[in-house]
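Chain A is already provided as a structure; the job is to place chain B on it using the hints.
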Amino acid sequence: MVGISDLRSNFKRWKMEHKSQIEDLQYSLHLWRRSPLSIVGSILVLSIIITAIFVPYIAPYDPIEQDIKKRLGPPSWDHPFGMDNLGRDILSRVIYGTRVTLMIALIVTAIGGSIGTLLGVVAGFLGGRVDEVLMRITDMFLAFPRLILALAFAAALGPSLNNMMIAIAIVDWPIYARLARGQALSIKREDYIEAARGIGASKWRIMFLHILPVCSSPIIVQLTLHMGTVILTAAALGFIGLGAQPPTPEWGVMVSDGRPYIMNQWWVSTFPGLAIMIAVLGFNLLGDGIRDILDPKLRR
Amino acid sequence: MTELLKVRDLRTNFYTYRGVVKALNGVDLTIDTEEFFGLAGETGCGKSVTALSIMRLIEEPGKIEGGKIIFNGRDLLKLSEDEMRRIRGKEISMIFQEPKTALNPVFKVNFQIAEAISEAYNLKTKEAVKKVEGVLKDVEMADPSKVAEQYPHELSGGMAQRVLIGMTLSAKPKLLIADEPTSSLDVSIQAQIMKLMNDLVKKLKISVLLITHDLGLIAENCNRVAIMYAGNVVECGDVRTIFKKPAHPYTIGLLAALDMSKERGNLLTIEGIVPDLVNPPPGCRFHPRCPSVMKICSVEKPRTLEISSGHSVACFLYDNGRRLDDG
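Taken in order, these protein sequences are the chains called A and B.
Just so it is clear: in the first sequence, position 124 is 1522 by this note's numbering, and no numbers are missing.
Just so it is clear: in the second sequence, position 320 is 321 by this note's numbering, and no numbers are missing.
Think of the hints as simulated: they come from the structure by calculation, not from any bench.
Quick reminder that beta carbons are idealized off the backbone N, C-alpha and C, glycines included.
Keep in mind that the hints are not guaranteed to be accurate.
[Stated by the list, open to error] Listed next, the stretches of chain B that the computed footprint assigns to chain A, with coverage defined by at least 3 CB atoms under 8 Å from CB atoms of chain A: (1) 88-95; (2) 99-106; (3) 109-121; (4) 162-171.
[Stated by the list, open to error] Straight-line Cα separation of at most 30 Å, BS3-like style, residue types lysine-lysine; simulated pairs: (5) A/1413 with B/131; (6) B/132 with B/204; (7) B/147 with B/132; (8) B/127 with A/1601; (9) A/1410 with B/109.
Okay, chain A solo, but in the shape it has when bound:
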């Protein structure tokens, strides 16, 4: 039988063994606590994530259920955010919209981030012609205004939620590629990379096993910092009809739906707009916070 004292001593030993990691975590926590903005950011992002997970339990109504009689009804106790032009509960739609928005942000950063990081590491490590070609391609992408380029891709691929995500990922990857390349360039001069070559590690092994993890932290920061922009781009594309298609409760589409009624029924556009603002603000603050916490100059 395992007694409580056994558990306690096991825990103590675990604590001893992982002392440095625990201290590191405590220090991160300490830095986090000292920056109020990153606390606000974390709370906002966390509440968005929790909302997205528990959507069906939180949302009071079905987001696509129409009640034409209450069409464009003002905010009331039954419908705190009011009703839209098709008589749908705006609060429920905004809540369901968190799921769509979060999915867009995650998928786009996952696709763009991984493609960009891989190509960037390859370019930086191999150098020479590979580097030249890849970086000129990123130059081409970066030369265009990103929103316009995403718009063009989305239009070319045809308006749908998936195509919009692909379009944003396509214009997003060069940012990460640039960053990863710079990191790879500096890391490849480190002694441990030479040591790894000295024990016969192959190029690919060095690139993906040694360089990739070391350069991941600025990329993670960039990814979180960039999620706000991605959400904004997605909303913009949704607004002009190139993103999610009705009746998907996507915030950009909802803002667009309320456009004709903005003078008299302000709530149709305002609440989804506020949701966009809060989400973008949350991700930006969190990104800044993570950047500060991971900044080696601020750490010991």
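Frame of chain A; chain B shown alone:
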């Protein structure tokens, strides 16, 4: 004793904005099996470049321009990059000057050693992890199971160097190149590490190319030694012979500067400075600083001649045929 590594007329250049740095100007070396071979010389004389050239790890803007590196009967300079990769780590391994920067900061020790083992024996990393503690025990680490779970920044310099030695020797290479393995460690740790290297080398029957500017380290550990000056091996031979009867004027100067037995007073130095390798002096690269310089020295590069069994020198003082012409 058979020849393990034979370097002939190795030339490595670096193409910099100032011009071509002729870092290696025809280096000759021969290392036998189970030999502890020392390579000594001042900073910037090309010791490390020689080591990196042997490993074929010279990077842009450097380039190996010519010569032969015969290792176990194969010319390493003629191998493809892939074949060379299989030699690195498995047959020739290298440890570096700064042990702490030669470990990847984001991985634990056990993973890094396991990686070296898995590369060498084609094992899965998981299986290789099981062998890590054995490796750490071999390098006489005080608390192997604890160290295995630590990150490089938690190790001291001496511990990190032990880890690196364990890592490189776990693959049982035939030749270990140690580039200033102890110069960043303090003296007592230095002695421990050198003893450990000596023990392991004897146990595993491998050869070592020890690169250092510390002649004391060479005198204590090596069988044979080569002295380098400005990209050339100027003298090579048995450690005892070289230290007792140095032949090349540079070696003589080097040892005189070291000699503690002389009465106190002015420290003996070699006049002049190390030449700029973009515009090296013609002929023998040492001639502007040489106390016994002759006319021919600035004209022609001296041949390497064996003046007694196993003791070779590249200097016109010992080249009788040439010396007569000089008259």
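### Coverage assertion for the region 162-171 of chain B with respect to chain A, Cβ distance below 8 Å, three residues required
Our answer is that it holds, as 3 residues pass the Cβ test (under 8 Å) against chain A, meeting three.
### Query
If you draw a straight line from the CA of residue 132 of chain B to the CA of residue 204 of chain B, is it 30 Å or shorter?
Holds, because 18 Å separates the two Cα atoms, which is no more than 30 Å.
### Task
Closer than 8 Å, Cβ to Cβ, for at least three residues: run that test on the region 99-106 of chain B against chain A and report holds or violated.
Result for this restraint: holds, n = 6.
### Task
Would you mind confirming whether the straight-line C-alpha gap from residue 147 of chain B to residue 132 of chain B stays at or under 30 Å?
holds, 14 Å
#### Entry: Pairwise hint evaluation, residue 131 of chain B against residue 1413 of chain A, where the allowed Cα distance is 30 Å at most
holds, 24 Å
### Query
Under a C-beta cut-off of less than 8 Å, do 3 or more residues of the region 88-95 of chain B approach chain A closely enough to confirm the stated coverage?
n = 6 at 8 Å, threshold three: holds.
### Query
Keeping to a limit of 30 Å between CA atoms, is the pair of residue 1410 of chain A and residue 109 of chain B held or broken?
holds, 22 Å
### Query
Counting residues of the region 109-121 of chain B whose CB is closer than 8 Å to a CB in chain A, do you get three or more?
As far as the region 109-121 of chain B goes, the hint holds, because 4 residues have Cβ atoms under 8 Å from chain A.
### Query
Holds or violated: residue 127 of chain B with residue 1601 of chain A, Cα cutoff 30 Å?
holds, 21 Å
Against the hints set out earlier in the document, no violation occurs for any number.
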